[in-house]
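Residue numbers (the working numbering), protein chains in the order written: chain A, 48 to 286; chain B, 2 to 429.
The hints are simulated quantities; they were obtained by calculation from the structure and are not laboratory data.
A quick note: this is a predicted structure, and the numbers were derived from the prediction, not measured.
Heads up, a few of these hints could be off.
Just so you have them, the derived chain A footprint on chain B, three or more residues with Cβ under 8 Å [as the list claims (entries may be wrong)]:
hint: 1; stretch: 102-114
hint: 2; stretch: 189-195
hint: 3; stretch: 401-411
Some chain A residues flagged as far from chain B (calculated, every beta-carbon gap over 10 Å) [what the hints assert, rightly or not]:
hint: 4; residue: A63
hint: 5; residue: D111
hint: 6; residue: G112
hint: 7; residue: Q117
hint: 8; residue: F138
hint: 9; residue: L148
hint: 10; residue: A157
hint: 11; residue: E165
hint: 12; residue: E276
Where a beta carbon is used, it is the ideal one built from N, C-alpha and C, also for glycine.
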Amino acid sequence: MPALLRLEGVTAFYGAIQALKGVDLEVNQGEIVTLIGANGAGKSTLMMTICGTPRARHGSIRYDGQDITQLATHEIMRRGLAQSPEGRRIFPRMTVHENLLMGARGHKPAEAEAAMAEVFALFPRLKERLAQRGGTLSGGEQQMLAIGRALMSRPRLLLLDEPSLGLAPLVVRQIFGAIRELNRATGLTVLLVEQNAFQALRLAHRGYVLVNGAITMAGTGADLLARPEIRAAYLEGGH
Amino acid sequence: MSARPLTPTAALRDAALSTLVAFGLFCALIGLKLTPTDAGMKLTDRPAALAIILGAVFVGRLLMLGWRAWRPAGTPSPRLLAEGVTRAGRYVGPVFLLLALTLPLYSGRYVIDVGILVLTYVMLGWGLNIVVGLAGLLDLGYVAFYAVGAYSYALISTTFHVGFWTALPVAGLLAACWGVMLGFPVLRLRGDYLAIVTLAFGEIIRVVLINWTNFTGGPNGVSDIPRPTLFGLKFTGSGDPDTFAAFFHVPYSVTQRFVFLYYVILGLALLTNWVSLRLRRLPLGRAWEALREDEIACRALGINVTITKLTAFAMGALFGGFAGAFFATRQGFVSPESFTFIESALVLSIVVLGGLGSQLGVALAALVMIGGTELFRDFAEYRMLIFGVALVVMMVLRPRGLVSGRTPSIALGARKQIAAELVAQGRG
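Model the full structure from these sequences, guided by the hints.
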């Protein structure tokens, strides 16, 4: 079976600075794949490049067998990808309800209702907070909202950028539990970018390590967790 | 504003500082006076007047500090008052609508004329509110669309001899086209940069109107613009069978035309309001608001940011164009002088003063700003001073506008107003 998402030799630039130096990566249907790396390694850039901003300068990005490298961002996002962006980026003045509806854009009301029911099943907290303004939620609730908003489009592939950013360990466990549950129950494919390497590798089926815009290691989650160089660089607080 | 411990020395120092600032401000403004005499201008100094002003500032500042420090417990803070105003808004709206609908029944021609002017600005405010309040795109050149609408109607009606009601949609659509044309180059701009480009756009339109003499008539403008008709009935005193007075067998009076114009602009303004309220509840309107909140998140959700921004510009311009066409038909004459930057600034201050995104607030602000200008016509020289002071006081007491707070576009069960202090300050 071909991979759901396949990147081949992808490079990306911010002006003259090369952020990605030929990335090869594959995400298969039904997998949780994590991408770990230090600050500034290009993890978020990779996420954004998949979505088309910035556009990949070389290489190709194929999703579900089709080349999406040259498509506009909104066209890419309408093909069954959804992203929960870094820093959550919820709409602070809009209510939880409105935030969720923004994710269901382009869907029929009945479909949006069904998607919302699924989101509430995953994060019951959001249902309690429905009429509350997004900006008044706690950090964990905002992250739930960001993931819920992404799920409203009923994606096949969910891109999660640093869901653990700035959250208490207990909340992180809760969020990661929800991701695992979602993958198990619905077969949702997840590409997860994380600095929190230990938890991410335990959650993921496979992982990639990104250093200075290039993939240096790949393997199953357990395999990567066991490697001494990974332990030294990402797990034991060393740099 | 929490009560801080305040020592008398600190209060005195503060008051003295305020007085010093006031001295700098008023030294030449109040202290010197130019009087024309037969031999030319004569400069006189008025130390007494200056001293009175400075004394007032000193004492006023002391009283203000004292009030802040020793305010008796239980006095409502400005914030609580503000919430009260927001709550009362629910009843104020319908009352104002009723007053607006019945105004011509009990007012004379002058009041109706002022009403027409106020409603024109209410409509402009509501139109700009779509762009600035909902979509968060700061537009300093809104007058351009007003001008396009006015000139479109003026030129179409005088060249092709078509009536107001035929030309109105065309004028609106042309303005909307210009909205899209402005939108394209500024798609990638935000905040200050966007403001500057839109400002330039407004000026470009005006300069073109002045210089393209054989098309627009240049500084002379376009005159003899036809007046609107009621299903073909004219409002003239000629006694012809196709005049309003003759058809309904009522004696002719000039007021009839003013009443008619009043209801036309009221209808147009209410249409603007209804469309903006409807749009807010549609996915497009929600996308505008989301765009104001976070553009990157919008992209991540697959929103076509280009289309969303352009529709906001086009909708705002459409209503600006309608208002412009109405302006042209009311005046019977248009010239570039009516479309200077000050008009853009006025409409924008109405929107900001009213509270970005608030329909009622914008209407109230237009009433205060435009109606107030009329009210103070007798004190013409102090008018700008009064408005300057009013604006400063407003921004100190209610930095988010008269009616701040945002009603969710969708709610299950009871609607809950998002309190004013939670609405980000200074952001769209």
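Checked hints:
Counting residues of the stretch 102-114 of chain B whose beta-carbon sits less than 8 Å from any beta-carbon of chain A gives 0, not enough to reach three: the coverage restraint is violated. With 0 residues carrying a beta carbon less than 8 Å from a beta carbon of chain A, the stretch 189-195 of chain B misses the three-residue requirement, and the given coverage is violated. Beta-carbon proximity to chain A at under 8 Å applies to 4 residues in the stretch 401-411 of chain B; the threshold of 3 is reached and the given coverage holds. Here A63(A) stays apart from chain B, with its beta-carbon at least about 19 Å from theirs, past the 10 Å limit.
Non-interface call for D111(A) relative to chain B: holds, since the shortest CB-CB distance, roughly 16 Å, exceeds 10 Å. No beta-carbon of chain B comes within 10 Å of the beta-carbon of G112(A); the shortest separation is about 20 Å. Remark: the non-interface label on Q117(A) is consistent with the geometry, its nearest Cβ contact in chain B lying 16 Å away (cut-off 10 Å). The non-interface label for F138(A) is inconsistent with chain B: the shortest C-beta to C-beta separation is roughly 4 Å, within 10 Å.
The beta carbon of L148(A) sits about 7 Å from the closest Cβ of chain B, which is not more than 10 Å, so the claim that it is off the interface is violated. Taking the minimum C-beta to C-beta distance to chain B, about 15 Å, the non-interface status of A157(A) holds against the 10 Å cut. With 10 Å as the threshold on Cβ separation, the claim that E165(A) sits away from chain B holds: the shortest Cβ distance comes to roughly 17 Å. Distance check for E276(A) against chain B: the nearest CB is about 33 Å away, which clears 10 Å, and the non-interface claim stands.
Hints 1, 2, 8, 9 from the list above are not met by this structure, while the remaining hints are.
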